[in-house]
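**Student:** Chain by chain, the residues run as shown.
Number of protein chains: 2
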Amino acid sequence: MPVKRPNGVIQQSFFIHHIMQVSLQINARWIITVDADDSVLHHHALIIDGDKIIDILPQGEATKYSPLNLVEISNHAVVPGFINAHTHAAMSLLKGLADDLPLDEWLNEHIWPAETELADEHFVKDGTELAIAEMIRSGTTCFNDMYFFIDQTALVVSRAGIRANIGIPIIDFPTRWAKDLDEYISKGLAVRDQFNNNKLITFSFSPHAPYTVSDESFKTLQPIMDELGLSMHIHVHETQSEVDDAIEKQGIKPLARLNNLELLSPDLITVHMTALDDDDIKQLATHSVHVVHCPESNLKLASGFCPVLSLFEAGINVALGTDGSASNNDIDMLGEMRTAALLAKGISGKANSLSAHDVLRMATINGAKTLGLNDQIGSIEIGKQADVFAINLKQIETQPVYDVISTLVYSASRSQISDVWVAGKRLLDNHELTTLDESVLLEKAKQWHGKITPFHHPVNKTGVK
Amino acid sequence: MPVKRPNGVIQQSFFIHHIMQVSLQINARWIITVDADDSVLHHHALIIDGDKIIDILPQGEATKYSPLNLVEISNHAVVPGFINAHTHAAMSLLKGLADDLPLDEWLNEHIWPAETELADEHFVKDGTELAIAEMIRSGTTCFNDMYFFIDQTALVVSRAGIRANIGIPIIDFPTRWAKDLDEYISKGLAVRDQFNNNKLITFSFSPHAPYTVSDESFKTLQPIMDELGLSMHIHVHETQSEVDDAIEKQGIKPLARLNNLELLSPDLITVHMTALDDDDIKQLATHSVHVVHCPESNLKLASGFCPVLSLFEAGINVALGTDGSASNNDIDMLGEMRTAALLAKGISGKANSLSAHDVLRMATINGAKTLGLNDQIGSIEIGKQADVFAINLKQIETQPVYDVISTLVYSASRSQISDVWVAGKRLLDNHELTTLDESVLLEKAKQWHGKITPFHHPVNKTGVK
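Those sequence lines, one after another, are chains W and P. Here the first sequence stands for residues 1240 to 1704, numbered as in the numbering used here. Here the second sequence stands for residues 1240 to 1704, numbered as in the numbering used here.
What the hints contain is simulated information worked out from the structure, not anything from laboratory work. Possibly wrong hints are sitting among the right ones.
One copy or two, it doesn't matter: identical chains are merged, so the pair holds either way.
Unchecked claim - Simulated pairs of lysine-lysine, PhoX-like, Cα-Cα distance not exceeding 25 Å:
(1) 1683 x 1291
(2) 1458 x 1488
(3) 1458 x 1364
(4) 1633 x 1685
(5) 1690 x 1633
Predicted model only: the values in this text are computed from it and were never measured.
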């Protein structure tokens, strides 16, 4: 109620006290919330203060906020930032190095030799920076990484302002990063301690795969995971031959072995999972294990097909990842959603399986669940972190719009993404990176091109004439 | 040898006479020729005069040409324009209208009712224009279309300056375009006569499919095809159920029926072809029939998988098409190449099948062969038409470059395409359309949105929670 001054004049400053100053207001044509009802809001305002979403309301009612920054994007959809649930970010320097080759030749004759020779702290720093630039430009606000020299990864993530879950690498042979299990663990945990104060960075253990990590090593990790509350991020059942080999050599399937080691739990993030039978799926469901589907990498390396529909039917949480750029060859979650939706239809023979809405959940809220961060990110809801992007749909390629989520998944391209915020900070401002220098990154990529070229596979000539 | 004047001074004008004036010189970082050897030329100049490529030579040797227009694109690859071998261009107004639905429901409850009600000459004009804009912006310089109101299609193609093979529609029931076979033929041929002088437009007969066109109709078309030298463009064996239905109802497979009708020939363009056995493939090879693979449409409608590798092994020419935007939902040949390459690896289980080079041939020279235009288009070679596009690869997403064809297919996006020429005419100039007005197209799309929305399928809710 207005307060009258003694002279009867209404005290103007009183009203000002009711207007709340906030850091940012975004007025958008659509807000795709990815809440429990998949609500799409039209002509709403997203109110952000600091790193949090504090309100979502019709634009006409937003007058109670006084934003320091007002962003008017009347042709745009605002979308929860993508969560890329499986990356090897540094490998972006190797994209296109050795394409169209059998998996063994790709890995043993090109990727691994190049990594052995070149993948040092500089490679990780520059490669990860290049990848983060690509991710920000394509709406990814959080990624779940697995690689070496994670001190560099954390440093670059921290400077770029993106969110990441960084895997502490574990593998049963020496690399340039560490000589043995003790060192893999101690160096990894030291980086974790070092970045303890960065709210945008979390850590997992990332054993490479069941076939490169022994029972003993897994048993060493387990109490540390429990003590520190860490999850585990691992490639499992990537191909049928991985499973067959394990049965032949160890008499047990990798997943069953992890079960025996009591590692199946909601803290386990299993990647690829193309070779799964009904028992495997039952086990995953029983223990609430997360699965990360990487359709483009699985196609490119002919690894098999992750049975996404069966996993969902069993109630398992399935997120989406691109894998590293050497086997994709991009880290574009818009494209990955599209491939996931199309592939599931083709493989199942059902055109109504895995809708645009489904894959959008996989790329956002399901990724957040996978990382145990779904109370903070993965949807646009009051109280959550302001990790969002804006995409301009008023373009030849995306008009008319009948269902904005269909348009986003099936018709839009990453180049239409104009703005990206992570924890309320604008990392892409009208297509310009704010925390990374594109020309510096391109210059570094050029330098690496020279060093990496000797590992390039000569022209993969056509078989089609 | 220089000619000396009587006074001993070298005659300058002599040299000038040896410098040839041409309309256009493009200096590019790479020229991807798609010639018989898949040659990639570095730092070469493409010399164009009028509508033709007249020379390709190292930039340092290009001083013998004096171009009216010099285009210096030192970060770009110049590529033969894509040939989209199967489209229903006008349907771009329907993209995203009814996604994630079973094929029958998609077609019978949404697409066909919308078309019956709305697909008139205005729809075709505006939809085709929108599609051509999308095609030019994504490097397509020629498309093979099948739809109604082809007078409008030809008009829009002619104004836009793109190249097209336009299908004269044939179907055994009346539509808004024609009431019976006679009218389908006569109206179609009248349009052909009308655009006789346009060198960029050719025509085929386009019977919709074996199940909607009778033997009698096919028999009527055949002598006309022979007389006028027309090819035939038709959907065949799109799904297994099409084949099963035909066997049940007519006692014969559609392809065998076309063979009985003596229609299998190098003039037959068969689209989709997901349900093929060894005998079918043998027949196709024997008669040099062309096949158009539409991987994204086949995935989206769960139609099955075209056995591309087996077709190539049998020596059959396979081109690439997007199909209409209602079942894709874009007409982006870069994306379609990528999907074709990834899908073939996934389905065959061989990571070295269908390389980037292979799919680039499918999207260019094989498309040209399909249309009988391979002496004119489909590769960058002296004497061919100047149908090319330029793509800027100096971008975060496409650096470093080890094999430029891999980068093009697996990492690049259509938004990187900066310039497009058809028959030497620049249709896209530094990302700007020169013959179409983008704002007018967007305004028309908005108007159609209002009319088409009643046929929209309500939100395709997620099944994933």
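**Student:** Evaluate each hint against the coordinates.
**Tutor:** Now for the hints, and whether the structure bears them out:
no.: 1; hint: 1683 x 1291; result: neither (35 Å within a copy, 39 Å between copies)
no.: 2; hint: 1458 x 1488; result: within (20 Å within a copy, 64 Å between copies)
no.: 3; hint: 1458 x 1364; result: neither (31 Å within a copy, 68 Å between copies)
no.: 4; hint: 1633 x 1685; result: between (35 Å within a copy, 10 Å between copies)
no.: 5; hint: 1690 x 1633; result: between (42 Å within a copy, 18 Å between copies)
Checked against the numbered hints above, the structure violates hints 1, 3; every other hint is satisfied.
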